[in-house]
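Keeping their order, the protein sequence lines are chains A and B. Counting in our numbering, the first sequence runs from 14 upward without gaps. Counting in our numbering, the second sequence runs from 13 upward without gaps.
Do not take every clue at face value.
[Stated by the list, open to error] What follows is a set of in silico ranges between Cβ atoms, one per label pair, in the way DEER data are often shown:
(1) B/Leu155 / A/Tyr172: 26 to 34 Å
(2) B/Lys90 / A/Pro115: 16 to 24 Å
(3) A/Tyr172 / B/Asp254: 32 to 40 Å
(4) A/Leu263 / B/Glu156: 38 to 46 Å
(5) A/Arg124 / B/Glu219: 53 to 61 Å
(6) A/Leu132 / B/Asp254: 18 to 26 Å
(7) B/Thr60 / A/Leu263: 36 to 44 Å
(8) B/Gly222 / A/Leu254: 37 to 45 Å
(9) A/Leu262 / B/Leu155: 56 to 64 Å
No wet-lab data here; the hints were simulated from the structure. As the structure is a computational prediction, the values presented were derived from the model and not from experiment. The beta-carbon is built from N, C-alpha and C at its ideal position, and this holds for glycine as well.
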Amino acid sequence: MKKKAFFICAAMLILLSITPEARGDVDLFGYYEAQVMGAEVRGRFYQLFANKLRIDLKADLSSSVSFAANFDYITYHGKKQWNILDFLSSEITSKVPEAMRPLYVIPFSDRHFLDNAYLRLSFKPFDLTLGKQQVSLGTGYVWNPVDVFNIKDILDPTYEQPGHNAVRADVPIGLGSTLTALYSPGDEWENSAKLLQFKTRISRFDFAVTGIEKTWVFHDYTVFDAALMSFQELPERRRLLGASTAGELLGLGVWAEYAYNWMETTDDFYELVAGADYTFDFQTYFLIEYFRSTLGKSDYRDYTLNDWMRSFAQEQKAVSRDQAYFLIQHPATDLMTVGLSAVCSLSDHSLALVPMVMYSFSQNVDIYAYLNWNTGKEGTYFASTMGNGGFIRVRIYF
Amino acid sequence: MPKKIMLGFSIFILVSGLYSQELTGEKIIQKVNDLINVETSYSKSKMTITTTSGQKRTFISESWTKDKGEKSLIRYLKPVRVKDQAVLMLNNADDIWMFFPRTQRVRKLATHAKKQKMQGSDFSYEDMGGGGEFREDFEARRLEDEKKNDYDCYKVELTRKPGSDISYSRLLIWVIKENFYPIVIEYFDEKDPTYLQKTLTQSDIEEIDGIPTAKKMVMQNLNDQTQTVMEVLEIEYDMELDDRMFTERNLKR
Numbered sequence: 014m015k016k017k018a019f020f021i022c023a024a025m026l027i028l029l030s031i032t033p034e035a036r037g038d039v040d041l042f043g044y045y046e047a048q049v050m051g052a053e054v055r056g057r058f059y060q061l062f063a064n065k066l067r068i069d070l071k072a073d074l075s076s077s078v079s080f081a082a083n084f085d086y087i088t089y090h091g092k093k094q095w096n097i098l099d100f101l102s103s104e105i106t107s108k109v110p111e112a113m114r115p116l117y118v119i120p121f122s123d124r125h126f127l128d129n130a131y132l133r134l135s136f137k138p139f140d141l142t143l144g145k146q147q148v149s150l151g152t153g154y155v156w157n158p159v160d161v162f163n164i165k166d167i168l169d170p171t172y173e174q175p176g177h178n179a180v181r182a183d184v185p186i187g188l189g190s191t192l193t194a195l196y197s198p199g200d201e202w203e204n205s206a207k208l209l210q211f212k213t214r215i216s217r218f219d220f221a222v223t224g225i226e227k228t229w230v231f232h233d234y235t236v237f238d239a240a241l242m243s244f245q246e247l248p249e250r251r252r253l254l255g256a257s258t259a260g261e262l263l264g265l266g267v268w269a270e271y272a273y274n275w276m277e278t279t280d281d282f283y284e285l286v287a288g289a290d291y292t293f294d295f296q297t298y299f300l301i302e303y304f305r306s307t308l309g310k311s312d313y314r315d316y317t318l319n320d321w322m323r324s325f326a327q328e329q330k331a332v333s334r335d336q337a338y339f340l341i342q343h344p345a346t347d348l349m350t351v352g353l354s355a356v357c358s359l360s361d362h363s364l365a366l367v368p369m370v371m372y373s374f375s376q377n378v379d380i381y382a383y384l385n386w387n388t389g390k391e392g393t394y395f396a397s398t399m400g401n402g403g404f405i406r407v408r409i410y411f
Numbered sequence: 013m014p015k016k017i018m019l020g021f022s023i024f025i026l027v028s029g030l031y032s033q034e035l036t037g038e039k040i041i042q043k044v045n046d047l048i049n050v051e052t053s054y055s056k057s058k059m060t061i062t063t064t065s066g067q068k069r070t071f072i073s074e075s076w077t078k079d080k081g082e083k084s085l086i087r088y089l090k091p092v093r094v095k096d097q098a099v100l101m102l103n104n105a106d107d108i109w110m111f112f113p114r115t116q117r118v119r120k121l122a123t124h125a126k127k128q129k130m131q132g133s134d135f136s137y138e139d140m141g142g143g144g145e146f147r148e149d150f151e152a153r154r155l156e157d158e159k160k161n162d163y164d165c166y167k168v169e170l171t172r173k174p175g176s177d178i179s180y181s182r183l184l185i186w187v188i189k190e191n192f193y194p195i196v197i198e199y200f201d202e203k204d205p206t207y208l209q210k211t212l213t214q215s216d217i218e219e220i221d222g223i224p225t226a227k228k229m230v231m232q233n234l235n236d237q238t239q240t241v242m243e244v245l246e247i248e249y250d251m252e253l254d255d256r257m258f259t260e261r262n263l264k265r
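Start from the sequences and build out the full structure, keeping to the hints where you can.
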């Protein structure tokens, strides 16, 4: 592990030490991010520090060939192990056998990995992208029913997502339409993700229809497989047909997304998003988004350990059935934006408030501060027993 | 012979005087539009924002326009924080798409987003995009000619047409008589047509490919006491630009 880290550091130093002349048309850039997170959980205060170094490479090898990649190196300090059971209601945790309690720990281990690395070949009739790449689907701001590759963090939905290994072809049809085919290989054809999307523009609206087949791996977090040293895997084929749109209605920016999921063994479900945003003359920006997932439960007394664990492990987008997100932002000064977001479960009437400040410290240094205040009663999606906290993030671009 | 010359000269003076008087506000604005909205253009610009606290933020971007500014594409080169971010504006900025390179996500923005400041500058997207907005969104009225920044200018008042969603209730434009180049534009508050919000001053005017071009633009925000200077580093007009340049496919390049 240490050897691998050493070689990656050495490779990065060599890349950084190459003169611009020698690098030719290769762009080398990235950022360093320091983050301190604090949370008060049941009377105890915990801290977690993270350092992230991201190095990007980009090369336009010719007018029709480009290459892009980034390495991430992340270290954690402070409380590096968080037991999910500490955040859940006694109703749920009392059913967990004592011997299994240590299994619900989420470790924050130092990691370094090739996040994205892809080659883009641009032919006249289509673009072909090969390698580990960003796959961003849907028009929703916080939730994307048609995106089976990523689940956004509801407290920080614009944060970058990991790359996915895939072969992707984008075929433009006329000036306003695109047909996209994507294949993300698994261990065999059956387990690989296949996507087909048609995107077009009608009047002031963008429309997309998406079909996806993917093997979805749920876990049963009440059964531990000692041989695999992990919770029992429940893989099943998921077929999704979805539609999304974004445009303008009565002066408001509006968007919507819908996806129906046919599951091989468990119950079929659908997810729906509808949102709107507006910028007032005095520069205040307002956004509202509603999300429904029939995978979530409408009564919080029905939430199970599996629901919570699948939500924390990003196997499903929400624990509760209906939720709403509000965001209001205003440029307090020309360098500082203040905002407040609120996420609430309409099913269990719990609410999390997230005040935020974004400050441009200098040309390439940004500072972000977020607080997180859960107000719901015990057992609900945003229960106060989940803890309150926040983080400060400083990002330096180079 | 001298009498004939005198007569000819008098007729010239009379005709040019009449011509000058016949130039209505609408005609002046039409000529301004024809001049500044070239068929196609490419430019590389440096934008320097001076904040209230005196700090500076510098952005370098490339932009392409087509069909007299009806289509435009802006791509940021510097600083690294916004590198490769791009904005596509079609239908005179009524349709806006923004590309975020780190997530490879394209987001469609509604027209209200035009009111937002471009990268925190004193230029809004509305100020940057749109070829025919002067004529489409405003009614023009010629005021008394004035001298402005040492140029003899026509002064034109533009009043927002009913139903237009443009963010300014009124504009005052000073247009150089010699070449119809707008040298100063004053932007008045959306609701209060007497409240001056921003002033754009264009200077360092050079003829590029036969077209008068300001190499420096200064937008002063009197509300926020900030200033943004836009300097043109490179500019080219009337080159071949394919319509495919102004598509989502190219936005993501």
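Cross-check of the supplied hints:
no., hint, result
1, B/Leu155 / A/Tyr172: 26 to 34 Å, "violated, 52 Å"
2, B/Lys90 / A/Pro115: 16 to 24 Å, "violated, 50 Å"
3, A/Tyr172 / B/Asp254: 32 to 40 Å, "holds, 35 Å"
4, A/Leu263 / B/Glu156: 38 to 46 Å, "holds, 41 Å"
5, A/Arg124 / B/Glu219: 53 to 61 Å, "holds, 58 Å"
6, A/Leu132 / B/Asp254: 18 to 26 Å, "holds, 24 Å"
7, B/Thr60 / A/Leu263: 36 to 44 Å, "holds, 38 Å"
8, B/Gly222 / A/Leu254: 37 to 45 Å, "violated, 56 Å"
9, A/Leu262 / B/Leu155: 56 to 64 Å, "violated, 39 Å"
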